[in-house]
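**Student:** Given only the sequences and the hints, what does the whole structure look like? Please build it.
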Amino acid sequence: MSGDTDGKLSSLRSELDAIDVRLMDAIKDRLEVCARVAHVKRTFDIPMMQPGRVGVVQERAREFARANDLSEEFLVSVYSVLIAEACRVEDAIIDAEDAGTETVGTGPTGVQPMNGDRAASTTRQR
Numbered sequence: 055m056s057g058d059t060d061g062k063l064s065s066l067r068s069e070l071d072a073i074d075v076r077l078m079d080a081i082k083d084r085l086e087v088c089a090r091v092a093h094v095k096r097t098f099d100i101p102m103m104q105p106g107r108v109g110v111v112q113e114r115a116r117e118f119a120r121a122n123d124l125s126e127e128f129l130v131s132v133y134s135v136l137i138a139e140a141c142r143v144e145d146a147i148i149d150a151e152d153a154g155t156e157t158v159g160t161g162p163t164g165v166q167p168m169n170g171d172r173a174a175s176t177t178r179q180r
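Using the working numbering, the first residue of the sequence shown is number 55, and each one after it goes up by one.
Take these hints with a grain of salt, some might be off.
20 Å max Cα-Cα, derived SDA-like pairs, lysine to any residue [stated by the list, open to error]:
1) K95 <-> P162
2) K82 <-> V108
3) K95 <-> R84
4) K82 <-> V132
5) K82 <-> A72
6) K95 <-> L136
7) K95 <-> V132
8) K82 <-> N122
9) K82 <-> G164
10) K82 <-> L66
11) K82 <-> P162
12) K95 <-> V108
13) K82 <-> G154
So the derived label-pair ranges between C-beta atoms look like this [unchecked claim]:
14) T97 <-> S125: 37 to 43 Å
15) R90 <-> D123: 22 to 28 Å
16) D60 <-> P101: 52 to 58 Å
17) S134 <-> I100: 19 to 25 Å
18) R76 <-> M103: 25 to 31 Å
19) D79 <-> D58: 18 to 24 Å
20) E127 <-> L70: 36 to 42 Å
21) E86 <-> G61: 36 to 42 Å
22) F128 <-> M55: 40 to 46 Å
23) S134 <-> G57: 20 to 26 Å
24) P101 <-> I81: 23 to 29 Å
25) F128 <-> R76: 43 to 49 Å
26) P105 <-> S68: 38 to 44 Å
It is worth saying that the hints were derived from the structure and are not from the lab.
Glycine residues also receive a C-beta, built at the ideal position from the N, C-alpha and C atoms.
**Tutor:** Below is the structure:
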């Protein structure tokens, strides 16, 4: 590649890196709010799983995809992963409070982060 091409790619990659940081910050913020939601659900004895809310979030993703010429399947799948992690975080908080213990974790939610593909498969529905 020429120096000009390398420079253009480098600039675009820097732009992508900045977007990735904002995206990861937004995900962290979303999960922090989900942790607060879990505490409210526990206080008022509201079930963790709220299928109606899940449907609203997924439909909003579909509408955004259509309005912005993105793949609906892709954006809904992204939200499926986000929802699975939110459910895992909420479960951990509610279960810890049910057991009378504190959640112990290093993440901003107070819940131990999961590694690998186990996060999406370990959430149980209530």
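**Student:** Next step is simple, just say for each hint if it's right about the structure.
**Tutor:** Hint by hint, here is what the structure shows:
{"no.": "1", "hint": "K95 <-> P162", "in the structure": "holds, 19 Å"}
{"no.": "2", "hint": "K82 <-> V108", "in the structure": "holds, 19 Å"}
{"no.": "3", "hint": "K95 <-> R84", "in the structure": "holds, 16 Å"}
{"no.": "4", "hint": "K82 <-> V132", "in the structure": "holds, 15 Å"}
{"no.": "5", "hint": "K82 <-> A72", "in the structure": "holds, 16 Å"}
{"no.": "6", "hint": "K95 <-> L136", "in the structure": "holds, 19 Å"}
{"no.": "7", "hint": "K95 <-> V132", "in the structure": "violated, 24 Å"}
{"no.": "8", "hint": "K82 <-> N122", "in the structure": "violated, 24 Å"}
{"no.": "9", "hint": "K82 <-> G164", "in the structure": "holds, 12 Å"}
{"no.": "10", "hint": "K82 <-> L66", "in the structure": "violated, 24 Å"}
{"no.": "11", "hint": "K82 <-> P162", "in the structure": "holds, 7 Å"}
{"no.": "12", "hint": "K95 <-> V108", "in the structure": "holds, 15 Å"}
{"no.": "13", "hint": "K82 <-> G154", "in the structure": "violated, 26 Å"}
{"no.": "14", "hint": "T97 <-> S125: 37 to 43 Å", "in the structure": "holds, 39 Å"}
{"no.": "15", "hint": "R90 <-> D123: 22 to 28 Å", "in the structure": "violated, 34 Å"}
{"no.": "16", "hint": "D60 <-> P101: 52 to 58 Å", "in the structure": "holds, 54 Å"}
{"no.": "17", "hint": "S134 <-> I100: 19 to 25 Å", "in the structure": "holds, 22 Å"}
{"no.": "18", "hint": "R76 <-> M103: 25 to 31 Å", "in the structure": "holds, 29 Å"}
{"no.": "19", "hint": "D79 <-> D58: 18 to 24 Å", "in the structure": "violated, 32 Å"}
{"no.": "20", "hint": "E127 <-> L70: 36 to 42 Å", "in the structure": "violated, 22 Å"}
{"no.": "21", "hint": "E86 <-> G61: 36 to 42 Å", "in the structure": "holds, 38 Å"}
{"no.": "22", "hint": "F128 <-> M55: 40 to 46 Å", "in the structure": "violated, 29 Å"}
{"no.": "23", "hint": "S134 <-> G57: 20 to 26 Å", "in the structure": "violated, 43 Å"}
{"no.": "24", "hint": "P101 <-> I81: 23 to 29 Å", "in the structure": "holds, 24 Å"}
{"no.": "25", "hint": "F128 <-> R76: 43 to 49 Å", "in the structure": "violated, 19 Å"}
{"no.": "26", "hint": "P105 <-> S68: 38 to 44 Å", "in the structure": "holds, 41 Å"}
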